[in-house]
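Since chain A is already given, all that's left is putting chain B on it; use the hints.
2 protein chains.
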Amino acid sequence: MGSGQNSRLTFELLQQDGAARLGRVTTRHGVIDTPVFMPVGTLASVKSLTTEQLSRLGPQIILSNTYHLMLRPGVELLEKMGGLHKFMGWDRAILTDSGGFQLFSLASIRKIREEGVEFRSHIDGSQHFLSPEKSVEIQTRMGVDIAMAFDECPAYGISHAEVEKSMHMTHRWAARSLTARTGASALFGIVQGGIHHDLRKRSVEEIAALDFDGIAIGGVSVGEPKHEMMDVVQFTAPLLPVDRPRYLMGVGTPEDLVNCVAAGIDMFDCVMPTRNARNGTLFTSSGKIQIKNAKYVADDRPLDPECSCTTCTTVSRAYLRHLYLNDEIAALVYNTIHNISFYLDLMRQIRQSIASNSFAAYRETFLAKVAIGDPQKEEIR
Amino acid sequence: MGSGQNSRLTFELLQQDGAARLGRVTTRHGVIDTPVFMPVGTLASVKSLTTEQLSRLGPQIILSNTYHLMLRPGVELLEKMGGLHKFMGWDRAILTDSGGFQLFSLASIRKIREEGVEFRSHIDGSQHFLSPEKSVEIQTRMGVDIAMAFDECPAYGISHAEVEKSMHMTHRWAARSLTARTGASALFGIVQGGIHHDLRKRSVEEIAALDFDGIAIGGVSVGEPKHEMMDVVQFTAPLLPVDRPRYLMGVGTPEDLVNCVAAGIDMFDCVMPTRNARNGTLFTSSGKIQIKNAKYVADDRPLDPECSCTTCTTVSRAYLRHLYLNDEIAALVYNTIHNISFYLDLMRQIRQSIASNSFAAYRETFLAKVAIGDPQKEEIR
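Here the protein sequences come in this chain order: A and B.
Everything in the first sequence is counted per numbering that gives the first Met the number 0, starting at 0 for the first residue and increasing by one.
Everything in the second sequence is counted per numbering that gives the first Met the number 0, starting at 0 for the first residue and increasing by one.
Just chain A, with the same shape it has in the complex (with noise of 0.2 Å):
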């Protein structure tokens, strides 16, 4: 089942390397190599970039947010603007989420129904509705090459029983939202079922005999334990099928990226470079650097001496730090350059590595090299 090849999205495996794959979509934006890592562009801006400077860093792909654009600026504007991509001046592909996620973490929900779910703008409390088949819609409307299936994403820690029934739930709602995609957007199922291997054993095959383009990982980064995280990526993963792109959402670390591709996974979005940017962490081929320690100081080297974006070969930490601490808006902007340009070169020498049949030692000499994720802090988004 599934369509491998269809004019909204095309997919190829070019090579694989243990269950690492090597793949190509293509999409009416362009081709993206996959594995691959979508920056996140909450509200059509990928944060402290412009869209030239994001371009610059090359990503294929970006990732927008359903929720967040329906309430600012909403669809009408977007429609009326030409959609997403002239909007914002990008080109390339994008992909939305449907909403579903945000949905049940920040607004304040009034009401879920078969029909769908009512809710409150965590803005200004203005109240909403989102269904599969608006959410489709407006995704349809913005224009995005990638649109993702309505679901209901559970919060970690409920019963079996209750997981069991919100995946139900989140399997009608995907054959609605398929049923609602039209235009030229493709569409993707989200497979659920918590950290419950039969469940999410069952969710794989529903959603899999499912028409989609695509099929997402959804409701791991939700608040488990990284051991469980990376139990459900292994157990799910090899159940997808090998003729669509595999899309885990909202993961997540460098280690995990480099271990989930080790599982077969081909697309991946995080808001953690952008966020840890803003925030002052940051990854270097050497380990995480918290650019406010004193000890950077006086230190003169770049941040990343194997790092070649613009923040690296022009300015030192200490200018890093200087700026940070300060409050000046440009370290906001070099942060978020070097963090979305590790973590895209990151996924080029991963790309790189499986194309020559040697995935499982770079990721041995990744992993040993450096401990750059932090153990204690989940990813979030």
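Source of the hints: derived by calculation from the structure; they are not laboratory data.
Here the structure is a predicted model, which is why all the values come from computation and not from measurement.
Treat each hint with caution, since some may be false.
Just so you know, same-sequence chains aren't split out, so a pair can sit in one copy or run between any two.
[As the list claims (entries may be wrong)] List time: in silico SDA-like cross-link candidates among lysine to any residue, alpha-carbon distance up to 25 Å:
1. Lys291 x Val270
2. Lys46 x Thr312
3. Lys46 x Asn325
4. Lys85 x Ser54
5. Lys291 x Val74
6. Lys85 x Gly29
7. Lys291 x Asp123
8. Lys79 x Asn292
9. Lys294 x Thr312
10. Lys85 x Asp298
11. Lys200 x Pro237
12. Lys46 x Pro301
13. Lys294 x Ser125
14. Lys294 x Leu76
15. Lys291 x Ile328
16. Lys46 x Ile328
17. Lys294 x Gly82
18. Lys294 x Arg71
19. Lys46 x Gly88
Chain B in isolation, oriented as in the chain A frame:
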């Protein structure tokens, strides 16, 4: 008197059109075409921009602040990091003010003596001392191309006698600043004298008699009405030596620049384009725009159709409004890119019109076409 040519700085007067002057200043960090506007980089950062972004906008010189830099990050660190240029990754010219202005407007003064000024930092209350020798030493150690003499900047509205007394102090400090000039930084003297013609005349005589590499008009933009500022400039500029660059400190609006070039000024600095950018006030060829204004909500035109900056060529007013209203950091970046571009473009047009002996016509057209300046708001720095 005065040296038009030396190893620190040379000035060539290329052409005059009325009193307007086309010139070329050569520093250790390249050539500066005058009339020139210097963007302000208070803390070794032109606010909201990376140095690389700033470079691409093309300014040949920027201004930074001795007072701010001596407090953060401190001259010791700047010297250790190889100087201000290297610290911020900037390879074109830098002028620093002497600290005088900020001292009298920001710091809490403990004591003004003949020797210098004892003051407390506006950041942490720590105690510091600045004198002509100390200020020139700091500027020289930072490695700037053009240093400013240490002056006393009298408040607006004090008596003729008080301004005169202060002016004589500035003159004695000017001579001491000059004696302290060592190394490769050029040094400009500063003319004071408030709004009083007799004092301005006397101050020009004393300052121009000294071997400064350029002469500045200080003590304007301190709260006086616009017409008084213009009166000071129109009275003072013609008295200045023709063979050295003339710098009007802390001015101004686009009209101010045009009008003061007409009076014979060569160099300007002002926080207006950068600060206004952060407040959502944008300069365009058809007047000022408050980007948050509801009338731009669905305005898909470029901010300024006559501008070729990244902001104007990649996104719309509607997008800029969306970013600004939603506190996106990129709003500050886009706005700053445009406002600095606008100022630099204005100076380019001014230079072209002087070169073609059509400055008077340019000025007339410019002033008639737009009322960009806001007469209610005096510039601030």
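Hints, verified against the model:
Taking the closest pair of Cα atoms, Lys291 and Val270 come within 25 Å of each other only inside a single copy of the chain (21 Å); across copies the shortest separation is 27 Å, beyond that limit. Within a single copy, Lys46 and Thr312 get their C-alpha atoms as close as 22 Å, and across copies as close as 20 Å, so both meet the 25 Å cut-off. Taking the shortest alpha-carbon separations for Lys46 and Asn325, both the intra-copy value of 19 Å and the inter-copy value of 11 Å come in at or below 25 Å. Taking the closest pair of Cα atoms, Lys85 and Ser54 come within 25 Å of each other only inside a single copy of the chain (14 Å); across copies the shortest separation is 27 Å, beyond that limit.
With identical chains, the CA atoms of Lys291 and Val74 are at most 25 Å apart between copies only, with a shortest distance of 19 Å across copies and 40 Å within one. Proximity of Lys85 to Gly29 under the C-alpha cut-off of 25 Å is restricted to the intra-copy arrangement: shortest distance 15 Å within a copy versus 39 Å between copies. Taking the shortest alpha-carbon separations for Lys291 and Asp123, only the inter-copy value of 18 Å comes in at or below 25 Å, while the best intra-copy value is 35 Å. In this homomeric assembly, Lys79 and Asn292 come within 25 Å of each other (Cα to Cα) only across copies, at 18 Å, whereas the closest approach inside a single copy is 47 Å.
In the homo-oligomer, the alpha carbons of Lys294 and Thr312 lie at most 25 Å apart inside one protomer (20 Å), although the nearest pairing across protomers, at 42 Å, exceeds that limit. In this homomeric assembly, Lys85 and Asp298 come within 25 Å of each other (Cα to Cα) only across copies, at 13 Å, whereas the closest approach inside a single copy is 42 Å. In this assembly of identical chains, the alpha carbons of Lys200 and Pro237 lie at most 25 Å apart only when taken from the same copy (10 Å versus 85 Å across copies). With identical chains, the CA atoms of Lys46 and Pro301 are at most 25 Å apart both within one copy (23 Å) and between copies (21 Å).
Proximity of Lys294 and Ser125 under a CA criterion of 25 Å is satisfied inter-copy only: 23 Å between copies versus 47 Å inside one chain copy. Only between protomers do Lys294 and Leu76 lie at most 25 Å apart by alpha-carbon distance; the minimum there is 13 Å, versus 48 Å within a single protomer. For the homomeric pair Lys291 and Ile328, the shortest alpha-carbon distances inside one copy (15 Å) and between copies (20 Å) are both at most 25 Å. With identical chains, the CA atoms of Lys46 and Ile328 are at most 25 Å apart both within one copy (12 Å) and between copies (6 Å).
Proximity of Lys294 and Gly82 under a CA criterion of 25 Å is satisfied inter-copy only: 20 Å between copies versus 47 Å inside one chain copy. Proximity of Lys294 to Arg71 under the C-alpha cut-off of 25 Å is restricted to the inter-copy arrangement: shortest distance 16 Å between copies versus 41 Å within a copy. Both within a single protomer and between protomers do Lys46 and Gly88 lie at most 25 Å apart by alpha-carbon distance, with minima of 15 Å and 23 Å respectively.
Figure legend: structure checked against the earlier numbered hints; every hint is met.
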